[in-house]
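S.K.: Chains as they are written, first to last, in the working numbering: chain A, 1 to 385; chain B, 1 to 385; chain C, 1 to 385; chain D, 1 to 385.
One or more of the hints may lead you astray.
All copies of an identical chain are treated as equivalent in the list; a pair is satisfied when it fits inside any one copy or across any two copies.
Claimed, not checked - No farther apart than 25 angstroms at their CA atoms in a straight line, the calculated lysine to aspartate or glutamate pairs in the DMTMM-like style are these:
| no. | residue 1 | residue 2 |
| --- | --- | --- |
| 1 | K107 | E255 |
| 2 | K200 | D59 |
| 3 | K24 | D176 |
| 4 | K178 | D346 |
| 5 | K272 | E108 |
| 6 | K174 | D118 |
| 7 | K200 | E263 |
| 8 | K269 | D176 |
| 9 | K116 | E223 |
| 10 | K24 | E337 |
| 11 | K17 | D326 |
| 12 | K44 | D144 |
| 13 | K269 | E138 |
| 14 | K200 | D346 |
| 15 | K64 | E259 |
Keep in mind the hints are simulated off the structure, nothing from the lab. Here the structure is a predicted model, which is why all the values come from computation and not from measurement.
Number of protein chains: 4
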Amino acid sequence: MLSRQPQARAASTFDYKDPLQCQKLLDEDEIAIASVAKEYSQEKLLPRVLDAYRDENFDKNILKEMGSLGLLGATIKGYGCAGISDVAMGSSLVMGAIHDFGTQELKERFLPEMAKGDILGCFGLTEPNHGSDPGSMETTARLDPNHEGVYLLSGSKTWITNSPIADVLVVWAKLDGKIRGFLVERSRCPEGTLETPAIKNKTGLRASITGMIHMENAPVFKENMFPDVEGLKGPFACLNNARYGIAWGTMGALEDCIERSKEYALSRKQFKGNPLAKYQLIQKKLADAVTDVAYGLLACIQVGRLKQQGLLVPEMVSVIKRQNCDRALEHARRLQEIFGGNAVADEYHIGRHVANLFVAQTYEGQSDIHSLILGRAITGVQAFC
Amino acid sequence: MLSRQPQARAASTFDYKDPLQCQKLLDEDEIAIASVAKEYSQEKLLPRVLDAYRDENFDKNILKEMGSLGLLGATIKGYGCAGISDVAMGSSLVMGAIHDFGTQELKERFLPEMAKGDILGCFGLTEPNHGSDPGSMETTARLDPNHEGVYLLSGSKTWITNSPIADVLVVWAKLDGKIRGFLVERSRCPEGTLETPAIKNKTGLRASITGMIHMENAPVFKENMFPDVEGLKGPFACLNNARYGIAWGTMGALEDCIERSKEYALSRKQFKGNPLAKYQLIQKKLADAVTDVAYGLLACIQVGRLKQQGLLVPEMVSVIKRQNCDRALEHARRLQEIFGGNAVADEYHIGRHVANLFVAQTYEGQSDIHSLILGRAITGVQAFC
Amino acid sequence: MLSRQPQARAASTFDYKDPLQCQKLLDEDEIAIASVAKEYSQEKLLPRVLDAYRDENFDKNILKEMGSLGLLGATIKGYGCAGISDVAMGSSLVMGAIHDFGTQELKERFLPEMAKGDILGCFGLTEPNHGSDPGSMETTARLDPNHEGVYLLSGSKTWITNSPIADVLVVWAKLDGKIRGFLVERSRCPEGTLETPAIKNKTGLRASITGMIHMENAPVFKENMFPDVEGLKGPFACLNNARYGIAWGTMGALEDCIERSKEYALSRKQFKGNPLAKYQLIQKKLADAVTDVAYGLLACIQVGRLKQQGLLVPEMVSVIKRQNCDRALEHARRLQEIFGGNAVADEYHIGRHVANLFVAQTYEGQSDIHSLILGRAITGVQAFC
Amino acid sequence: MLSRQPQARAASTFDYKDPLQCQKLLDEDEIAIASVAKEYSQEKLLPRVLDAYRDENFDKNILKEMGSLGLLGATIKGYGCAGISDVAMGSSLVMGAIHDFGTQELKERFLPEMAKGDILGCFGLTEPNHGSDPGSMETTARLDPNHEGVYLLSGSKTWITNSPIADVLVVWAKLDGKIRGFLVERSRCPEGTLETPAIKNKTGLRASITGMIHMENAPVFKENMFPDVEGLKGPFACLNNARYGIAWGTMGALEDCIERSKEYALSRKQFKGNPLAKYQLIQKKLADAVTDVAYGLLACIQVGRLKQQGLLVPEMVSVIKRQNCDRALEHARRLQEIFGGNAVADEYHIGRHVANLFVAQTYEGQSDIHSLILGRAITGVQAFC
């Protein structure tokens, strides 16, 4: 033991799965929920993912299962939600929006059922012509001239996760030129006012369902508008939560890549019966990836703690969303090389991770955009064209 | 891409599609065949590729069409082949093997029909447990104790392009411990001696058909063995031709990525109506890619000229196969970022290029393996484990 | 451990100098000593560094000054040392060795004067032919046949910081084939038995003095041998402390690079009077560097906490030494580009940082070596040739 | 053009010093002059460079020696110059300017003596506040109100190679708002009108002398103004020649790095007596560097041939200047790692190459600037702030 203090207790060993012992920074609840989520993923999701990815299917039961484990909207306190810490779980985008901006009545109407996975939401911000620049959105809301207390929404959203199967759609639209949030209920929209076609033949995230939202005078009761939030503040606050969750998620994907690569490198023999794991070029790829997981998790934990203390600022999320996505993608690609030609077989899972991580790098703020957000925060000068 | 107009001699301008005017290094025949191939690709292949990629289909008519254009075995002189220069076209793997190592009789029997695309070949070297290290192959040939003049082949090959639809299979197997090449004719194999199942659910090269070859005493007449080539020299010579072709092919894929990215960057407006093309971060990605295409093509041309002069050594092919694959993949990934979330839509083609280029980096000698081949040539010391 | 206690609650803002608020993880003493060290560096060291670097001078007074501030051997408790936490300061290599392995008498004789900077030590492990592989060292110790209780040391060490000016030299040598540690006192060595020539014309770390140690039967009293440590364990434990300090130090150098680059980018106007800071390509360099400082500091803090709890294992130090050196060097080089041609003027300091950080990447375990140490820990297979 | 003629047919071998046999693309004269230059560099320059670099000295005799070998202004036909091809040698900046833009009289007065190295020139374009943006220069020329036929130049230039020792200074200045070129003769400038202080303590290119030019009404006869060139066209044409030469020069520096690294890797033994050259991580560094030298030289040759045919456009030079500088610097840095701690000893030369190549990346158009020049050429959109 190198330490000079006489405090050393049990002998410590190096665990490549947690090289800097991030585990020690978590409390018991956080460890417990991580364990539940991991077990569920391994036992229930993994066996289904290959088929889902091949066929672009999404099984709605997954949400019910996750709901029954308390994994939906898990940071929310009350409304049937688990109320765990930010470090324990990145927040749900839609439930988070309702919780943060909805009226008491909206929360009570929707959150408990969403927490069980019985009704499903989606979050409609991005438009076909406005990806990185939502402030230019074209979707509008206007008062229905024929029905009091009703807004009519018109416009299109795209790349909306779960839109084809959502019961409740959070839609951001301009009302008198100002961005407001609305809860569109599918069951209340007359035929022809709301269409949510799926986007098929995706090159990544194929086990997740993605679609568009086309609205032509889709009606929303006034009570379904978020009362107090106006402008980009609202959707950006929601996105910030999502980005925080993405920073965590990419590390999980990378951990799986590492584990699979290591196993493959140990089992695959080439040249005189040596495993690939004996190659220096292979070991370096593994060492690089393991290092960035450790660093990335520390950053997530730190930002999670700051979030819980109310000290979060959006640029912090830009830091970890960008870095963790970039690093996870870079390493997943390097690790994919270990599989050689076999990487092309989807049973090895690595190709799926690479494809998904590329999407993670682009959504909720493409990497370059976050660079410029940070550049502006550093220099005080803005460089968006 | 490469402009084909008669060589202007007026004031020169910069053409990003050919920044260093590689075109000037080609002769008329080479320019002509490039033009034929490009036109065919754009008009006949492009419209079919999305569906083929989605469904993992390969249309055998493609080979007949290419045959009718003289694009099959095009560097072979005679036997119904076009006899063009090495710069004009990378050689066909199977036809090249027959041409280089087959008897006169084998050439006459197979090449003319293969040149027309009427019969189809495949090249069986890689085995499930021996990817980078074919010298350890386990497939064997032995004399049939019951039929004179017949060898019986047993063993398995995998990742064999076109094996499920091939009529003639070049198979490398050990005869008395020495690697020899055999032409297995599917029509002459009794049921149960030859199986060629397709490998499905690939994460790349999905518009190309790939399979295994399982042989259990598959019979081959003595005349179908390559007479004079023994050991790894034979398959390696064939692979060298294939690698040379791959070095060219990756540049073509990258050119397409550049063109599509540039178009997207010009048409996509964000932030005050400026096109993405105005972003410095975007321009750098394009400039980097364009530069490496120019360099990569010069290297292909140079190696092609050396090949024609009989001055080629395998390490030269390692140089250009590795570098062009690595650079093309790297740039395709950077360019993919330009598309943001839209990259996930397969209609933009960029995701397919990225997936395919990753495979190109791994097949016919994974990039790291070529590093070590070069490292050995530079230092005289070998570093394979 | 990363703190979880609720803290300040005022509105938080983004501070690029501490983007993830690492400061919140430090206690008051740690913050205080960091402040002392920073003030000393800015006010006393910075004004002298240009001349020192140009002329390869090292001013011995620096050690006295640092001693008077409690900055030498600061983690040691007692013996006139400050006894601060591991997070507050990386340990002194020589004082640490004496403290960890010396007898009580040795500690009392040397540590108090070393803490004041009145006598100076150096650490002699590396030999001319054995950089990454100290186990093959050729320096030997043997009993003096003519004087009882005396060892005679013979052999050469190189790249030894401070050897030309050291009063006490920790030298590792083989006694009966086993590596042992000796305290060589310069004042007790007869002429010709100990030479410590300076190595001049260095391309980096020029403000630090470096030299060789040549010993030809240099005498050491038995009492000056570390009694209980044998083999590489001893020097490696010392090096681990040094590496831990290096991981911190590189982040400090990078912070200075960021600050200087940012200032330059804001003050330098090109093209229509815009500051360089408005360039996207510049902002990305800054954002990348700022991100890795934040991540690197979190990792240092975490490892420091584990060290204090006796939970440190050497591979953890490999993780942070390698990563922080690599990242600091990479970013310093990118930031250097911001200065354009002016980077070549040493007044901008950036060239010095780059040169020094390259040395940091190579000493105390070159980056690739640490990759292989980690690769072995991950795979269980060793890949040293 | 890359040659297509059939050439040698003896067995070819792989030569890592010329992996793609660029040599075959050169004619006899080009090979001869390369050989003269190489021999001169190895025998006359190399023995002096360490001291020159350490002390920032430049020996003016070097120019006389180079002159006597025909290496100055070598592409110029007549005026005592060698008249070799563009591939044989990058042009001299100052002599090129005089040759391309000077009157017949100026050529005859200056070129023959400059070709012999008897008088020395420098090229004054860059100003302290205008590096990447020379169009904003502040130096002015005006008619001397007291002497007919004389211009008076005022203003400052910086980072001017050889300014402190130049006899003739090409200075670009604004006359009536338009940029014009002047030949300032030091011997004709009264005291106080022309100062050319050296810039000392450079962190790179220390064996080359660099300085400023301060002019306060420095007189120039009308005959010494370039008659026909106006605006940035003139200096940019000169710089283009210089950049073309830089693209070649960086490859030479990198070749030297490769050779030295390879020698070191073979001679340095670590871990059981294996040379470093046996490390995969080392071999990859060498293979990467060797590959980019081959590619970079092909590009230089191609651009040289286009230059000779009058087909050069500036963007082509941006392509090769940027790429070859970037690649050479990147590889030199990787190769430097091979030397471990020894890299810091200047006797290994690698540190000097790295420092110099960084300067090469920034001068005559910093790498990012050339990215944007190319980005503009590709997209048609300009992204300079």
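S.K.: Against this structure, judge whether each hint is valid.
M.R.: Hint-by-hint comparison with the structure:
For the identical chains of this complex, K107 and E255 are neighbours neither inside a copy (36 angstroms) nor across copies (46 angstroms), given an alpha-carbon limit of 25 angstroms. Proximity of K200 to D59 under the C-alpha cut-off of 25 angstroms is found in both arrangements, the shortest distances being 16 angstroms within a copy and 23 angstroms between copies. For the identical chains of this complex, K24 and D176 are neighbours neither inside a copy (51 angstroms) nor across copies (43 angstroms), given an alpha-carbon limit of 25 angstroms. Taking the shortest Cα distances, K178 and D346 never come within 25 angstroms of each other, neither inside one copy (46 angstroms) nor across copies (34 angstroms).
For a Cα distance limit of 25 angstroms, the shortest separation of K272 from E108 qualifies neither inside one copy, at 66 angstroms, nor across copies, at 40 angstroms. With identical chains, the CA atoms of K174 and D118 are never at most 25 angstroms apart, being 30 angstroms at best within one copy and 62 angstroms at best between copies. In this homomeric assembly, K200 and E263 come within 25 angstroms of each other (Cα to Cα) only across copies, at 23 angstroms, whereas the closest approach inside a single copy is 33 angstroms. For a Cα distance limit of 25 angstroms, the shortest separation of K269 from D176 across copies, 24 angstroms, qualifies, whereas the shortest one inside one copy, 67 angstroms, does not.
Taking identical chains as interchangeable, the C-alpha atoms of K116 and E223 lie at most 25 angstroms apart only when both belong to the same chain, with a minimum of 23 angstroms there against 71 angstroms between chains. Proximity of K24 to E337 under the C-alpha cut-off of 25 angstroms is found in neither arrangement, the shortest distances being 33 angstroms within a copy and 36 angstroms between copies. In this assembly of identical chains, the alpha carbons of K17 and D326 lie at most 25 angstroms apart whether taken from the same copy (20 angstroms) or from different copies (22 angstroms). When the C-alpha separation of K44 and D144 is checked against a cutoff of 25 angstroms, the pair qualifies neither within a copy, at 46 angstroms, nor between copies, at 51 angstroms.
Within a single copy, K269 and E138 get their C-alpha atoms only as close as 57 angstroms, which misses the 25 angstroms cut-off; across copies the closest is 14 angstroms, which meets it. For the identical chains of this complex, K200 and D346 are neighbours both inside a copy (19 angstroms) and across copies (9 angstroms), given an alpha-carbon limit of 25 angstroms. Within a single copy, K64 and E259 get their C-alpha atoms no closer than 29 angstroms, and across copies no closer than 45 angstroms, so neither meets the 25 angstroms cut-off.
The structure does not agree with the numbered hints 1, 3, 4, 5, 6, 10, 12 and 15 stated previously, though it agrees with the rest.
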